[in-house]
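So for the sequence shown, full-length UniProt numbering puts the first residue at 1; every next one is plus one.
None of these hints come from the bench; they were simulated from the model. Among the hints, a few may not be true.
Estimated spans, in silico, between C-beta atoms of each pair [said to hold, decoys possible]:
id: 1; residue 1: Leu213; residue 2: Arg110; range: 36 to 44 Å
id: 2; residue 1: Lys233; residue 2: Glu27; range: 37 to 45 Å
id: 3; residue 1: His406; residue 2: His197; range: 27 to 35 Å
id: 4; residue 1: Ser405; residue 2: Glu373; range: 26 to 34 Å
id: 5; residue 1: Lys307; residue 2: Ser405; range: 46 to 54 Å
id: 6; residue 1: Lys157; residue 2: Thr378; range: 40 to 48 Å
Here are the simulated PhoX-like pairs of lysine-lysine, each with C-alpha atoms no more than 20 Å apart in a straight line [as the list claims (entries may be wrong)]:
id: 7; residue 1: Lys233; residue 2: Lys148
id: 8; residue 1: Lys148; residue 2: Lys237
id: 9; residue 1: Lys307; residue 2: Lys371
id: 10; residue 1: Lys282; residue 2: Lys237
id: 11; residue 1: Lys394; residue 2: Lys408
id: 12; residue 1: Lys127; residue 2: Lys106
id: 13; residue 1: Lys371; residue 2: Lys30
id: 14; residue 1: Lys106; residue 2: Lys157
id: 15; residue 1: Lys127; residue 2: Lys161
id: 16; residue 1: Lys307; residue 2: Lys282
id: 17; residue 1: Lys429; residue 2: Lys371
id: 18; residue 1: Lys237; residue 2: Lys191
id: 19; residue 1: Lys233; residue 2: Lys282
id: 20; residue 1: Lys376; residue 2: Lys135
id: 21; residue 1: Lys376; residue 2: Lys282
id: 22; residue 1: Lys394; residue 2: Lys307
id: 23; residue 1: Lys135; residue 2: Lys282
id: 24; residue 1: Lys30; residue 2: Lys127
What you are looking at is a predicted structure, and each value in this text was computed from that prediction instead of being measured. In this text, a Cβ means the ideal position worked out from N, Cα and C, and glycines have one as well.
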Amino acid sequence: MASNVWDIVLAGECMASRPFSQCEDAEFLKVINLMRDSDLTMAHLEMNFGDPEEIQYPSRNDWVASFMIADSNVADDFQWAGVDMMSLAHNHSFDWGSDGIFSTIKHCNRVGITHAGTGRDLEEARKPAYHETRKGRAALISVATGNKNNEWAGMPKATMKGRPGMNPLRVQLNHQVDSAAAEQLRRTVEKLHIGYHRFDAVDGEIRLQFPELASNRSVPVFTEGPDFRITSKCHDKDLEANLRSVREAASMADMVLVSHHTATAEGARGDRPPAYAVEFAKACIDAGADMYIGHGWHRTLGIEIYKGKPIFYGLGNFFAQSEFNDRVPADSYESWGHDPDRMPEHNPAAEPLHPGLVDTLWWGTVLFRVKMEGHKVTQIQLYPVNLGRNPAVKGEITRSVGSGSHAKTDGRPYMADPEAGAVILNRMKTLSEVLGTRLSIEGNVGIINL
Numbered sequence: 001m002a003s004n005v006w007d008i009v010l011a012g013e014c015m016a017s018r019p020f021s022q023c024e025d026a027e028f029l030k031v032i033n034l035m036r037d038s039d040l041t042m043a044h045l046e047m048n049f050g051d052p053e054e055i056q057y058p059s060r061n062d063w064v065a066s067f068m069i070a071d072s073n074v075a076d077d078f079q080w081a082g083v084d085m086m087s088l089a090h091n092h093s094f095d096w097g098s099d100g101i102f103s104t105i106k107h108c109n110r111v112g113i114t115h116a117g118t119g120r121d122l123e124e125a126r127k128p129a130y131h132e133t134r135k136g137r138a139a140l141i142s143v144a145t146g147n148k149n150n151e152w153a154g155m156p157k158a159t160m161k162g163r164p165g166m167n168p169l170r171v172q173l174n175h176q177v178d179s180a181a182a183e184q185l186r187r188t189v190e191k192l193h194i195g196y197h198r199f200d201a202v203d204g205e206i207r208l209q210f211p212e213l214a215s216n217r218s219v220p221v222f223t224e225g226p227d228f229r230i231t232s233k234c235h236d237k238d239l240e241a242n243l244r245s246v247r248e249a250a251s252m253a254d255m256v257l258v259s260h261h262t263a264t265a266e267g268a269r270g271d272r273p274p275a276y277a278v279e280f281a282k283a284c285i286d287a288g289a290d291m292y293i294g295h296g297w298h299r300t301l302g303i304e305i306y307k308g309k310p311i312f313y314g315l316g317n318f319f320a321q322s323e324f325n326d327r328v329p330a331d332s333y334e335s336w337g338h339d340p341d342r343m344p345e346h347n348p349a350a351e352p353l354h355p356g357l358v359d360t361l362w363w364g365t366v367l368f369r370v371k372m373e374g375h376k377v378t379q380i381q382l383y384p385v386n387l388g389r390n391p392a393v394k395g396e397i398t399r400s401v402g403s404g405s406h407a408k409t410d411g412r413p414y415m416a417d418p419e420a421g422a423v424i425l426n427r428m429k430t431l432s433e434v435l436g437t438r439l440s441i442e443g444n445v446g447i448i449n450l
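Taking the hints into account, I'd like the entire structure generated from these sequences.
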């Protein structure tokens with residue numbers, strides 16, 4: 001019989017490019033021991049696992065390029081750290097095509113980490129994954145928003161196999177503009193002949209089909225309103241299909257976690273979750289999920305309690321080692337301004353190869369410990385962690401690697417010192433209180449009691 005009391009640890013976005021089980025740093029092991037001592041530890045993998053002989057080539061060339069991959073032995077280290085479950089649906093799931101999908105799944109299976117969110121077809125990518133614990137059966141559904149359409153897993157049909165990929169939750173964005181801007185858009189559509197008319201057109205919408213986006217049918221939608229704003233909502237069919245998985249998991253497991261990678265923002269990424277994430281989070285809990293776990297912003301966001309269950313809108317980073325990826329495709333160098341004719345001279349030490357690294361919010365984050373009783377949350381503890389830079393001083397590296405002209409940052413999670421912890425926890429306090437959640441700080445730990 002399953003226990004109704006759970007101690008669950010949640011770790012954020014793991015971009016781990018280096019083995020770490022050999023490390024004996026005291027502040028690092030404090031974090032690891034929290035993960036090991038829980039009934040269930042879930043982390044989000046924003047990488048692929050795969051050795052060179054398993055991966056043929058990157059799947060695309062665009063401005064972000066493709067390079068999020070770690071050698072297979074890093075999977076062993078996550079198992080060493082106590083990770084039981086990993087969500088695999090994110091905007092880098094398909095960086096290395098179906099090879100990367102399959103090798104990541106293989107190495108999670110090899111080390112005994114339960115995973116969800118990718119698969120050989122859409123049914124496999126969307127289905128719940130189950131993990132047996134000492135407290136009962138846990139389920140994980142993993143979803144991503146913000147992938148290109150060729151990365152979505154597909155269903156089989158007649159003689160055609162399903163398409164390998166990730167489990168999507170598409171969103172519909174509406175760009176509201178005032179009357180003067182709307183008139184200019186209508187004139188632009190008319191003069192450039194870039195209007196878009198299809199069976200699903202809605203009266204009053206202004207749809208622009210830019211020629212350079214025609215191949216992927218990306219059609220920005222504008223409407224006229226009193227002011228300027230971007231709004232979003234979940235794609236109806238994807239929402240219902242993923243809620244079916246939640247309902248199935250609630251019938252088959254004692255604890256249901258939904259992990260959602262939210263890479264699409266309503267304009268610039270800010271400190272509030274987008275509307276589609278709020279819509280999906282609450283719909284999942286209404287369907288039987290015990291918690292919603294958001295990530296993708298690479299920064300922490302607030303915590304909301306809905307019907308006695310926690311909604312984590314943004315876990316933030318947990319490992320930040322993308323600077324150490326040593327399999328960087330030629331496309332990546334060209335995307336970041338390096339001369340493609342001098343490719344043999346380039347190496348992973350070249351800068352820049354990744355955005356966002358100077359953002360202090362990238363490096364100061366949280367390990368969450370959640371206590372659940374009878375499908376209700378009773379307490380959340382927030383342990384501030386530092387990934388190697390001072391969260392209070394932009395660009396200040398506290399744990400550097402190498403001695404080149406551009407210092408690298410270690411990127412492993414250390415328990416933050418009180419000064420850094422205060423910065424991290426006060427941010428969480430402010431953002432959570434906006435959502436109606438009271439957070440106190442006791443020592444160097446955030447506490448939410450319910």
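Hint-by-hint comparison with the structure:
At about 40 Å, the CB distance of Leu213 to Arg110 agrees with the hint of 36 to 44 Å. Between Lys233 and Glu27 the beta carbons are some 43 Å apart, a value that agrees with the proposed interval 37 to 45 Å. For His406 paired with His197, a C-beta distance near 50 Å fails the hint of 27 to 35 Å. Here the CB-CB span from Ser405 to Glu373 is close to 53 Å, at odds with the stated 26 to 34 Å.
Look at Lys307 against Ser405: about 53 Å separates their beta carbons, and that is inside 46 to 54 Å. For Lys157 and Thr378, the Cβ-Cβ distance of about 47 Å falls inside the hinted range of 40 to 48 Å, so the restraint holds. For the hint linking Lys233 to Lys148, the alpha-carbon distance of about 18 Å falls within 20 Å, and the restraint holds. Straight-line distance between C-alpha atoms of Lys148 and Lys237 comes to about 17 Å, which keeps the hinted pair within the 20 Å bound.
As the CA atoms of Lys307 and Lys371 are separated by approximately 15 Å, the hinted pair is consistent with the 20 Å bound. In summary, the hint linking Lys282 to Lys237 is supported, as the alpha carbons are separated by about 17 Å, within the 20 Å threshold. The suggested pairing of Lys394 with Lys408 holds, with an alpha-carbon distance near 15 Å, which does not exceed 20 Å. Among the hinted pairs, Lys127 with Lys106 is consistent with the structure: their alpha-carbon atoms are about 17 Å apart, no more than 20 Å.
A hinted pair counts as satisfied when its Cα atoms are at most 20 Å apart, and Lys371 with Lys30 qualifies at roughly 19 Å. Restraint check for Lys106 and Lys157: not satisfied, since their Cα atoms lie roughly 25 Å apart, outside the 20 Å limit. This hinted pair checks out: Lys127 and Lys161 have alpha carbons roughly 17 Å apart, not beyond 20 Å. Distance check on the hinted pair: Lys307 and Lys282 sit about 9 Å apart at the alpha-carbon level, within 20 Å; holds.
A hinted pair counts as satisfied when its Cα atoms are at most 20 Å apart, and Lys429 with Lys371 qualifies at roughly 19 Å. Of the pairs offered as hints, the one joining Lys237 and Lys191 is violated, with about 35 Å between alpha carbons and a cut-off of 20 Å exceeded. Restraint check for Lys233 and Lys282: the C-alpha separation of about 13 Å stays at or below 20 Å, so the hint holds. Straight-line distance between C-alpha atoms of Lys376 and Lys135 comes to about 15 Å, which keeps the hinted pair within the 20 Å bound.
Taken as a hint, the Lys376 and Lys282 pair is honoured in the structure, with Cα atoms around 15 Å apart against an allowance of 20 Å. Among the hinted pairs, Lys394 with Lys307 is inconsistent with the structure: their alpha-carbon atoms are about 38 Å apart, more than 20 Å. For the proposed pair Lys135 and Lys282, the alpha carbon gap of about 25 Å is over 20 Å, so the pair is violated. This hinted pair does not check out: Lys30 and Lys127 have alpha carbons roughly 34 Å apart, beyond 20 Å.
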